[in-house]
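Can you build the whole structure from these sequences, using the hints too?
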Amino acid sequence: MNHVKTATGETLLMSITTEKDSRLLGREPVTMSDLYPARDETWLRAIREGALPADLGELICKFHPGENRTADQLSGFTVELGNAARSYRKSFPASCLAGVARRGTLRLVKETTLQEGDTFAYYLTALRNENLDEPADQGHAHSARRRIVAPVFESRPLAPLLADSAALHGNWASADDDDSFPPVFVPEAIWRQGQAEARRGGDNESAGVWTGRMYRDTASSEIFLVVDACLQAELASEEKYAVRFTGETWSRLRDTVNIRREKLQRPHERILGSVHGHNFCPDADDQGTRTCEHCHTVKVCTRTTAIASPADLDWHRSVFVAQPWALLMVWGFNAREQDDWRLYGLNGGTLSPRGVRVMQQ
Amino acid sequence: MSVALAEAPVVDPLDFTATDVTGSSYLEFPAIDGYRLTEDVASSVAEAMELPTNVPWALRDEESARMLQDDRPIGSQIRPKAKLTVIPKSHLGGAQA
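Chains A and B supply the protein sequences, listed in that same order. FYI, the numbering for the first sequence is 51 to 411, going by the numbering used here. FYI, the numbering for the second sequence is 303 to 399, going by the numbering used here.
Hints are computed from structural coordinates only; laboratory data are not their basis.
List of simulated lysine-lysine pairs, DSBU-like, C-alpha gap at most 35 Å:
hint, chain 1, residue 1, chain 2, residue 2
1, B, Lys391, A, Lys140
2, B, Lys391, A, Lys290
3, A, Lys313, B, Lys385
4, A, Lys313, B, Lys391
5, B, Lys385, A, Lys290
6, B, Lys385, A, Lys112
7, B, Lys391, A, Lys112
8, B, Lys391, A, Lys160
9, B, Lys383, A, Lys313
10, A, Lys55, B, Lys391
Predicted model, so just to flag it, every value in this text is computed and none were measured.
As structure tokens, then:
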């Protein structure tokens, strides 16, 4: 793991304290892996504004500490991406690194500094001359040559797609956040197909992937995605609370995408995201009741399984690194046993609910 | 009755290419220690591709369509210039609110 140093040479750490009296319990270093979502989101925002090129490999990344709330507590951090000609910055709250705090508390529990079930608080710190034990680098990674396939944004006017589609936000996203995400267009038939793939497993979870193309508006710098197909995750292991993509699943998906590229003459079609089903309802109580006491008075049922689990978030981050436009779609059920869905996109350094535009065909 | 099998010979050094599951990133390893355990090599590949290090990784040989065994030397399981895919040992999984 590479510990992160800011542009001014300070080490970024998450300080973990007792919740009651803010006594410092320990510090967990922030690693490069923790900051990739923020880096990727900065890159995406810069692409959308036409500020930087679409080849991440050509850009240099730096991190800057955010403003000080107290002597050692930062409000967040800033990512700077750039080349010799231009640079672009985006700031992120410390809360998007909650996973670092969780990792630190796991270590503290192991060291018995914390007991399981103890509450804690955390804040981001930048310290100079912090001597950390980094794992010995055997140099294996440095002998490898890496090539990232730069994303291609084909030219296409955005306005006609906006006119021929309807915005859907479901119960969890807000139109107020639309500007935080590049627009995504899904044909109605493929939207329904995604739902079908998510429900195909019956009592088990099942999944598919969305494939499509990315475009740059001819009238602005905005980019947008158009989903062309929903492919079944064949030969995935489907269980009640998990769906595992096997090596064969991925091989078939890549082969299908390659065939589509050739046969449909869409050389830039790619996997844009996943869709899967949480095909179970929220837990019932001892009397078999799922709904809460307010059920008859509220419009939207908030007890739902249409929510990304920590496993979903880890999976998405593992599959779609350096692909900040990628989508995570979850179909579930609410306590009223109704269909519910939530679509996620990268915002604020973490996956957040977002809307979609469905095209009538 | 069990039959004793000889350990497959280890190719060392070894060169291979690796890709992530979406085919968006490629890595060429020109000379790797063939005696390194596959599990260890998978971690190195993932790290070099900037993949999350809090998730365990596996390798698949695309030519033979086989998942490699974590606890065996990589040089005993693949041929030079093999094409591998690095696959997360993670799953999409449910949660309840």
